[in-house]
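Starting from the two chains in their separate frames, assemble the complex, guided by the hints.
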Amino acid sequence: MQLDDLNTIAQREKAATKKVCLRTCMSAGCMSSRADVIRKNLEAEVKAHGLDPDVEVRRVGCMGFCGQGPLVGVDREDGGHELFEFVKPEDATAIVNSLKGGKCEVARGDPNHPFFAKQVKIVRANGGIIDPESIEDYIAAGGYQSLHQVLTEMKPAEVVEAITKSGLRGRGGAGFPTGLKWGTVAKSAGAKKYVVCNGDEGDPGAFMDRSVLESDPHLVLEGMAIAAYAVGADQGFLYVRAEYPLAISRLQIAIKQAKALGLIGGGIFETPFVFNVDIRIGAGAFVCGEETALMASVEGKRGTPRPRPPFPAESGLWGCPTLINNVETFANIAPIVSKGADWYASFGTEKSKGTKVFALTGKISNNGLIEVPMGIPLRQIVEEMGGGAPDGRKIKSVQTGGPSGGCIPAQYLDTPVDYESLTKLGSIMGSGGMVVMDDTTNMVEIAKFYMEFCMDESCGKCIPCRAGTTQMFHLLEKIAQRRATARDLAKLEELCDMVRHTSLCGLGQTAPNPVMSTLRYFRNEYEELLQPDEFAQCSQGAAKTIAAT
Amino acid sequence: MMRHASGDKRFKILEVHMKKHQFRHDALIEVLHKAQELFGYLEDDLLLFISHKLKLPPSRVYGVATFYHFFTLKPQGEHTCVVCLGTACYVKGAEKIIAAVQQKAKILPGETTPDHKFSLLTARCIGACGIAPAVVYDGQVAPKQTPEQALKKINDWM
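Residue numbers (the numbering used here), protein chains in the order written: chain A, 4 to 552; chain B, 1237 to 1394.
The set of hints was computed from the structure by calculation and includes no laboratory data.
Be a bit skeptical, because a hint or two may be false.
[Stated by the list, open to error] Here are the simulated SDA-like cross-link-like pairs (lysine to any residue), alpha carbons at most 25 Å apart as the crow flies: (1) A/K304 <-> B/G1299; (2) A/K124 <-> A/A348; (3) B/K1248 <-> B/D1281; (4) B/K1270 <-> A/I284; (5) B/K1380 <-> A/E386; (6) B/K1380 <-> A/R62; (7) A/K464 <-> B/L1283; (8) A/K259 <-> B/E1273; (9) A/K195 <-> B/G1329; (10) B/K1332 <-> B/G1299; (11) B/K1289 <-> A/A245; (12) A/K464 <-> B/H1315; (13) A/K17 <-> A/L6; (14) A/K397 <-> B/G1329; (15) A/K342 <-> A/F119; (16) A/K259 <-> A/T274; (17) B/K1380 <-> A/G287; (18) A/K464 <-> B/F1306; (19) B/K1389 <-> A/R37; (20) A/K259 <-> A/E16; (21) A/K43 <-> B/D1374; (22) A/K304 <-> B/H1288; (23) A/K195 <-> B/F1259; (24) B/K1340 <-> B/H1315; (25) B/K1380 <-> A/G265; (26) A/K481 <-> A/D442; (27) B/K1256 <-> A/G265; (28) B/K1380 <-> A/L6; (29) B/K1248 <-> A/A245; (30) A/K262 <-> B/R1260; (31) A/K195 <-> A/F119; (32) B/K1332 <-> B/K1342; (33) B/K1270 <-> B/E1314; (34) A/K43 <-> A/R62; (35) A/K17 <-> A/D7.
Chain B with its partners taken away, still in its complex shape (with noise of 0.2 Å):
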């Protein structure tokens, strides 16, 4: 087994998994989802390792990657909020709760803090539209949220 020169065990770790899938092509997207979680986001390094690992060109390991919205080639901040967007948490409130964080983590949605304490996401819609406008934070469903709640939230963080 050829090992990364980085000595890094998560690519093991990524290796056994591409086994487990019989390193098959149409495993990439799995593949893909486990390389995020163990290290967070795909780094350049990182595609091609599976590109050579499953012996996919590097144009279709990097494609598939920016194509879907789950997968993020940018390292993210310490603690995330993902503001819901569909449309119950829209017509709810969901925008104002986003201007809010905008304006006091002068980040729009989508970056980090300078310091990379935090991201500000948006999601087109979790399902959680019963008890919208719906935030999580750092993988936290919270339900009803108002601008007010966020804000507190993300002043413990700063």
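Just chain A, same shape as in the assembly (with noise of 0.2 Å):
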């Protein structure tokens, strides 16, 4: 394979294509709702029609818009663009006679709704358009150029000067510096180094990980190889979790089809670069999603944490240095190549570059997947794009981060989205998730739910978290059951602040954050639930009794 070759494939396909698309969104959400009859349905009529010269049907991933499914995007003859929502398998018949200028009464979306025209798509730009399963596809729209010009064009150093430039910061939750980490495992000495693709998306409420492995797994396939290359590696995982059946087989399609055609393997484009890669599937624990806990499940033990350092840069998979980073964090890179680091650094804040993928959901209008550049006003995404609660409800407060982060309460929807302010108001980024929740939400009950999460989750490691979890979980119970006393509220209070300072790994330190960012901002709610302390007023009693005497 040859840089010749990828502009072959991708002007056959480019030759190939059709003059009309009827892009069928196949991702886990729209599957659920017969998306694959959808699509036979939708090939059968094109072929009764007689339209097949012109009319391609084809499976496309995640359009994003999965509240509105299954959607059916079309792409006419003119350039214009036509959105079908909540298709039924029966509506193929009228959406092929609409091709023809017949009556069509499907659901039209708007395909210039703020839901689509607010967004920046770097990580999802082929997401909805190219078909997931087809390496050609992704070849003609530009795939595996990246790696092309990282293997001929450039050292390993530029490369990791170039991502450095780019101000990109690890998409898992934490935001440290992609560059800086890629630097230390490349510094590391060792023989032998991994890259590591962190898919164990487990933040109840999220998905985002889950689309992009879903529409496009070649692009965070080619951002690995590029890893590797620049911190010396030439082995990879993808660790994805088991719940995600869809992402894992269309990965196992992508991974033949590029060993086929030698994008992965040895001797990549006639280069020295040698580049495996496994998928190594989870089996459902949220603490994997902590590195050395996740690096412990790649190894086939039970998925615990260990103290850091050392840090996996240095000691990380067997013993050796190991870059781990997130999925979207990779679908970044093959972008920030190709387009350069300074169109890269011009999206976002100062300190929260290019744009960020969230999973909007809960008490909102328009549920789905966005892509946003850092920095946007929460309200934008929630009121503009989300269009705000449904049945005329008010939104209370939009919780991020998961059982990580924190509660945002709807008087700060004018804070930008990025890094720094969200840690500010009580919350973090997180990966993405971004749950709306309306006032008829109560958030003692939220706290609780993220307390239990974080209970049955904890792996039992260290005592802080297992034992705090626990008794945090309980106390919230109490709370919530009008059990509980002032006093209770102060034992919770103190317990937060001792996990979060002496817990081993992340689950353990933020899992107080719920319940904290919850107490700040909608302490009332806990308090209404508060009985008067008995013991408390007794005691008070007996001393005057005592003073009297």
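Here is the structure:
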């Protein structure tokens, strides 16, 4: 495989493109509403109408507007676009009829709705456009050009420098500068190094990584290969949750295709560079999103974390230097290489560059995935793009960062979404889950929900997390059941502080966050549930009696 | 190649799978996935077989099998109903679905009916938040479920 071959494939693919394209979303969300049958019916209808020389029915990845699914997008001959929503298998006839100017009463969405218009797509540029199970489609969209550029024109150090310059920060949640991490692994001494892609998206209410893996698996593979070249690794592992069977099967297909074309394996683009990738399937443990626990799991052990240092960059998988990045981080790499670090840095704020994908869910009119530039005010996301809360209710708060994050109350909706601003409000950027809550939501219940999650998911290795989350959960339950007093609330706050400062890994250290942030903004909801402290009254009474005698 | 005493062919399939991974210790989770896929659940005998073949102490195999939620050591019912309890599903009423099913089938989440017809399970998040609340019936994800829809499905099974 050489550059010419790549271009030949791209040209052949482009030449074969038909005038009209019916894009059928085949991501997990739409698949659950029989998108596969819709596609089959569309194909049959196109054939029946004798339209197959001009009309292509394409399987595509996530278009983002999952709440309105199943979706079918139409690229018309005149360059116009249409979007059909809530499509049912029997609607295929009407949709194909509409191509010939016929009547069609299937619900139409507005492709220029703010939900789409306000997005800036870098990671999701191909999502909903290309066929995720076709490497040719990806190559036609400019795929693997960045890998070629890196292998033939750049030294590893130059790649690290470009990533550093782009200002990209880890998209898993903590926001560690990616270039710095790559530089550390590149400098670590070791004959064997590994690159690991963290696709253990355990945060409930988040599905950005699933969507990227399902819609554009080659983008992640290309990013990993570039990273491997930059840090000097020859083996990669893709760690994906078992709950994402479609993502796993699309990755398996992608790896097979890339191997067949010589884009993974030995002597890529006729250079000495070797890179192999294996998929590791998780088995349902939230803690495995923590990097040291993830590595233990890749090694086939119980997914328990270990103290850092040594950091994985120095001593990771089997004691070798290991680079671990999130799916979305890797998905940003190829665009940065092809379009330049300065281009990437032109998006976002001073300290948070580029774009971020969010899963907008909960009590909001427009559910789905969005990619927006960093620094966009939260209000624009939830009100303009998300359309506010449904049924005329008011938004009460927005939860970001899942069980490690916090709730941002409605009065702070004008906050720009970047790493620092969210931290200042007591929440975190997190991996990108954004769950909107309306005024019917009980915040104590939400805190309890997350604490129960952390209690169940605590691996049990360190005591503050194992015992602390259990005690905190029981206290929250006591409060919710109106059995607690002010003293219990004080104990809860004390425990929050203790668990935060003494736990071994991120799970325990951040487990109190949902409690602390709801206490910070919705303390009255806790206090309303408290009972008078009879013991305190008793002892006060007793003290008076003693004083009187 | 040593056969399992029961003569069950599935053991042989599992052994071929282990061979594909060159009996490497780090393939333990992959092997357990395959074993569960073949047998439906991981019974002691099966775990011992794996430990013997991979030359790993039984404690290690048992430890890994019990650590991860995905592995089950008890047989499941003929049908399964997995209610997603991710945040998005939770705020949209997944609890009500669980409560309804629980009342109808008289089992708690994680349990199987005495006639082994049906298991009620919960998931932490299946990543289908755009179509919350989601329920997985026998491996098929169903979008925007209501307690009534769930009960109807279960009625058909019971």
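**Report entry** Indices of hints not satisfied (ascending)
**Finding:** 9, 10, 12, 25, 28 and 31
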